[in-house]
Every structure is written in C-alpha cells, then in structure tokens.
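Let's have the full structure, built from the sequences with the hints guiding it.
The listed protein sequences derive, respectively, from chains A and B.
Using this note's numbering, read the first sequence as starting at 1 and increasing by one per residue.
Using this note's numbering, read the second sequence as starting at 1001 and increasing by one per residue.
Honestly, the hints are just simulated from the structure, not real lab data.
No false leads were mixed into what you were given.
For lysine to any residue, the following SDA-like pairs were computed, each having C-alpha atoms within a straight-line distance of at most 25 Å:
1. A/Lys-134 / A/Ile-116
2. A/Lys-134 / B/Arg-1196
3. A/Lys-134 / B/Arg-1195
4. B/Lys-1085 / B/Arg-1128
5. A/Lys-134 / B/Glu-1200
Beta-carbon label-pair distances, calculated as ranges:
6. A/Gly-158 / B/His-1123: 47 to 57 Å
7. A/Phe-104 / B/Glu-1082: 48 to 58 Å
8. B/Gly-1042 / A/Leu-19: 21 to 31 Å
Given the structure is predicted, the values throughout are model-derived calculations rather than measurements.
Quick reminder that beta carbons are idealized off the backbone N, C-alpha and C, glycines included.
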Amino acid sequence: MRADDPVLRIRSLHKSFTLHLRGGVRIDALRGVDLDLFPAECLVLRGPSGAGKSTLMRCVYGNYAADGGSIRLAHEGGWAELVGAAPRLVHALRQRTLGYVSQFLRVIPRVPALDIVAEPLLMRGVAAEHARRKAAALLERLNIPTRLFDLPPATFSGGEQQRVNIARVFIARYPVLLLDEPTASLDEANRAVVIDLVQEARRDGAAILAILHDPAAREALATRVFDLAPRLAEVA
Amino acid sequence: MSEQAVLEVRGLTRRFGLRTAVRDVAFELWPGEVLGIVGESGSGKTTLLNCIGGRLPADHGSVMYRTAAGYSVDMLALPEAERRKLLRTEWGFVHQNPRDGLRLDVSAGGNVGERLMALGHRHYGRLRQAAVDWLEHVEIETARVDDPPRAFSGGMQQRLQIARNLVTHPRVVLMDEPTGGLDVSVQARLLDLLRRLVREIGVSAVIVTHDLGVARLLADRLLVMKGGEVVEGGLTDRLLDDPHHPYTQLLVSSALSV
Chain A
1 MRADDPVLRI RSLHKSFTLH LRGGVRIDAL RGVDLDLFPA ECLVLRGPSG AGKSTLMRCV
61 YGNYAADGGS IRLAHEGGWA ELVGAAPRLV HALRQRTLGY VSQFLRVIPR VPALDIVAEP
121 LLMRGVAAEH ARRKAAALLE RLNIPTRLFD LPPATFSGGE QQRVNIARVF IARYPVLLLD
181 EPTASLDEAN RAVVIDLVQE ARRDGAAILA ILHDPAAREA LATRVFDLAP RLAEVA
Chain B
1001 MSEQAVLEVR GLTRRFGLRT AVRDVAFELW PGEVLGIVGE SGSGKTTLLN CIGGRLPADH
1061 GSVMYRTAAG YSVDMLALPE AERRKLLRTE WGFVHQNPRD GLRLDVSAGG NVGERLMALG
1121 HRHYGRLRQA AVDWLEHVEI ETARVDDPPR AFSGGMQQRL QIARNLVTHP RVVLMDEPTG
1181 GLDVSVQARL LDLLRRLVRE IGVSAVIVTH DLGVARLLAD RLLVMKGGEV VEGGLTDRLL
1241 DDPHHPYTQL LVSSALSV
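See the structure below:
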C-alpha cells in the first residue's frame, strides 16, 4: 500500500567531510542521492559499510549538515526544507514529525529509564502521570524488568539500553521514523517485539527509513529496498 | 514561526587595552531556548557573558532585549537605574563561584527571599514559604532554611544560587560555568536539576561552559568561540557530531566522551 505523496523527498543530496586534523583530507560520503519515502512503507537502505547509509540518515535527522541538495519533509501541513534549516525548525521537526532510533542510547546522569522514555510525551505537553504510565507499559512490553524502571540506564546491559532507546521513540507517534539498526543487540524474543512495534507504526501510516543488517528483521519489515553504492574516494 | 527573539546581540566588541577579548559577536536567543557558549579558557566566553549581563561595559554593539511588557530595549544603552531594575526582575546571573552570587552571612531562606523582596513582596510568611518551596526544588533540606550558605558544601551553595536566581521566574538567565568546580556526582545532580527547571519554567538561558558533555546535555544550540570570535555555531548535536571548523574539530576530538 502506498499513498500518493511522499512525506520525505531528497534531491541531489551531497555530503562530504573535511578532516582538518588529517591535513584537510576530504571524504565524499554522498554524491547526489535522490530518494522519496511514502507513508506506510518501510524502505531499507542497503549497501556495504562506507556506502553512506548512516550518513544519509543523519543528514535527514539533522545531526549531520548536508553540503548541497534538498531534503524536504512534510511537517504540519506544509513542507520543511532541512538543508540549511535553522536549529529551531529542526527542534520542532524532531518534536512532532521525525523520530530517530540511533544505535546507542545517550544516557543522562541520574535520570531514570522511565523518565527518559516518557520525555518525548512530556515535551508535547502530555500530563506526567499519563506519560509515565505509557512509558511503563512500553518498557514492560520490551521485557525490561520493573525493578529497573527507576534506575538510570548507565549501568544497564547493551541490549537493555537499546530497548530503552527504542521505547523512547515508539512512545510517541511520528509520521517519519528513522531506524538505524534497531534490532542489532537484541535477542530473538526482543527482536520480535521490536518488529511488531515497527509493523504497528507502519500500519498506522508512519513512513519508515531503516538500516537493517539483521536478515530476519529485514525479511519481516522491508517493503522496498534502496541501494547505496560504495563511495570511498578520498580527495586530498 | 512568527515568534520573536527574546534577546538579539549585535556586533558586540570588548577590548582590554590593545587586546580584543570579544570581537563582533552576534546571535539571537529564542524563548525557551538554551544556548551554550563553548571554547577553551581565554576564548572570551566569560567576557561575552559579562558584557551581555551588564557586568562589564562593551566597547561596541547592542543587546536588544524584548521585555515582559513587550517592548524592545538596548540593555547597553539604557539608563543605569532602568537597566538595574530589569536585571533584578527579569534576568538572572549564575556565577561559577557561588560565593560571588550569594550573601554568605544571610540565611539560605533570606538569600532566596531577597530577590522577591526586591520585586516588592513584603509578606513574611509568603516569602518564607517561597524560600522553603525553592529549597525543596533544588534538593536542599528545608531544615537548613535558617543556616547561612557559609555552612553549605560547594554543591549546595551552587543549588542555592540557582534557587535565588529562579525564584522570581526570570525570562533570561546567564550562567557562567555553573557546574565548574563541582565533583562529578554533584555535577550530575546539578545538570539534572537545571534540565528540569529550564523546562518547567520555560526560561531562556545562555550557558558558558568549557565542558562539551555539559553542553550536549543542556544546550539546544551552541556557539564555539576562539580568540574572541565565534568560529562556528549551530544545533548542538550537529556541531558535536559533524564539526566543520578546524578548531571545533580539535575541541571535539580532544574531549573525553561526548
């Protein structure tokens, strides 16, 4: 199923890195990427290491700045241009439109797992009690033991941290989801839960852009594949 | 986005003799935004903060502030009395050393109540209640309300200084290395507190810090200063994950883990 209009439209996206500490070496990571992402699809980025899959995703999320081209995102009834966007616009997009599961949880000292997960709802003005109930339900579904809810996740295992990271995104509805290896450090049971969460979001109409090395997750989730060719050229 | 900036700094310059400590700095601060200013010692970040906060005269430039009443004033050109009044009622300043921002021989409750009294509050019971509430907010035992801050630990003094600044619900808070000389565990507690209070009150803040980890946690946006100039600015995670300027790359690669 595919709606008529994309919610994410990328045109001639260019991204390079200039490494000043290595004598100004330039790495061209993306050279002219065109991509459309539609509601209710899960588009999987495919390509070898170094092809720029994570770079592309980060350009969309905004923690990498694209050099040229256009990344347009449907946002609150209009289009928002992300290339060169003001930080305030990026914050607004992340709060309402764009959810991102990174590979690692960024822990905040002293903040318990439950509050980390509830935070996106609190930012949207949801009542604290409701947000925390929803956070607890989601953590339970992801098999995080109740006794860990009130602890900061700094001491959790890698898999537990990753599930907190996933819960933090899936607690809120985002029209566009970016998933960078969401199942990487999970066992089979938890991988199945995450696959269900992603499927539910997709049936709900979310447009999903994913990097999935895990064949089982890719088999279950991908509705379309986008190939990125390796670009390893370094220009001095 | 028709919202207006609460603060607009333009062309701010400050010299000490022949040395230019801050050169032609410009930025906006938006409602509810936390702006971090990073850079190493001597880069001019504290001088910049002091010029904005009226603690040090600037040689050039303007600091346009949109007041609670909705009009725009240049803080650097206001008559002294008006400027002082705004600084006392609508602004806050958190010093790196809490002893510079507290009255050490006045009780903790008195330190918090004083800012309210400056706004014309006189009812003793209500002042005391506000002080007790704020001590709770910043996790200081309310039994200590009558103790002078001289008897507090560094971390407690810093939390008290924050309570003293936020009790009046200021619209702009300037902070100079607020987690500076604190132990790591005390610093974590303070960071958590600042994150929470900034969101609850919706205050706009400028935070000077040399610690990129602190900047990552607290700031929505960063400016990087070197030799008195802003060399790069942008969204916090963009600047730390994809630094462009050679100096920013050096700064990020030198940090332990951000």
